Amino acid sequence: MLTEKQQQVLDFIRDYQLEHGASPTLKEMRIFMKVSSDNSILKHLNALVTKGFIKKGDTPRSIALLDEIKEKLNAVAKTFLAPVLGYIPAGGPVISEESVVDHMNIDVSLVKDPSQTFILRVKGDSMIEAGIFEDDTVIVDASIEPKLGDIVVALVDGGNTVKRFMRERDGSIYLQPENPKYQNIYPESELQIQGVVTGLMRRYL
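For the sequence shown, this note's numbering gives the first residue as 12, with consecutive numbering after it.
Hints are supplied without guarantee of correctness; some may be wrong.
Here are the simulated lysine-lysine pairs, DSSO-like style, with alpha carbons at most 30 Å apart [unchecked claim]:
#, residue 1, residue 2
1, 16, 62
2, 134, 192
3, 16, 38
4, 16, 45
5, 54, 67
6, 16, 54
Distance windows between CB atoms, simulated [to be verified]:
#, residue 1, residue 2, range
7, 118, 36, 29 to 35 Å
8, 178, 61, 48 to 54 Å
9, 73, 145, 44 to 50 Å
10, 36, 135, 48 to 54 Å
11, 193, 118, 30 to 36 Å
12, 32, 69, 16 to 22 Å
13, 136, 16, 34 to 40 Å
14, 177, 124, 23 to 29 Å
Bear in mind the hints are in silico, worked out from the structure with no lab data behind them.
From a predicted model like this one, the values you see are computed outputs, not experimental measurements.
All C-beta atoms, glycine included, are put in the ideal place defined by N, C-alpha and C.
Based on the provided sequences and hints, a complete structural model is requested.
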């Protein structure tokens, strides 16, 4: 996984090579990244070498993009860094240093609006019959208007939860778990739909 700054350096190298047919100098990379030290750029370049995205000789001009590396670059170009939230504050998914615990590369095809997308790790077993298990990672888009039956992230009576968005015949909204051990949640005082779940990722190791 690339950090945000490593991704920026990688994208700059790719775009520069496409335009100029050669790799950028350290100075050009420093100017682009708005840093004053060569060491900052060299640190990112060494990380990209270690992670298999670039191969370089003794100078930045010698950075080579092998065929397999180009494929990786093309794959990375189709992704974006989405924030992983440790919690979601009242009022909506405000992306701040306090709430962001990590970043993950996400395929742009999985979301409608990358700028409104965040990641949340699931706690508990209330959605197992929907195929969502504890420690799964859900992709959430805050720009989507929820429809009946959508799985949503909601703030209900002061707490965040992942549940299915439902409505009674009388029009009242409730949140439905996907585990018979749990009861439907009927908001007593507060309900904010903070985003619709659009994807799920799971680690098997």
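Hints versus structure:
no.	hint	in the structure
1	16 / 62	holds, 14 Å
2	134 / 192	holds, 15 Å
3	16 / 38	holds, 16 Å
4	16 / 45	holds, 11 Å
5	54 / 67	holds, 13 Å
6	16 / 54	holds, 11 Å
7	118 / 36: 29 to 35 Å	holds, 32 Å
8	178 / 61: 48 to 54 Å	holds, 52 Å
9	73 / 145: 44 to 50 Å	holds, 48 Å
10	36 / 135: 48 to 54 Å	holds, 52 Å
11	193 / 118: 30 to 36 Å	holds, 32 Å
12	32 / 69: 16 to 22 Å	holds, 20 Å
13	136 / 16: 34 to 40 Å	holds, 37 Å
14	177 / 124: 23 to 29 Å	holds, 25 Å
Of the hints listed earlier, there is not a single one the structure fails to meet.
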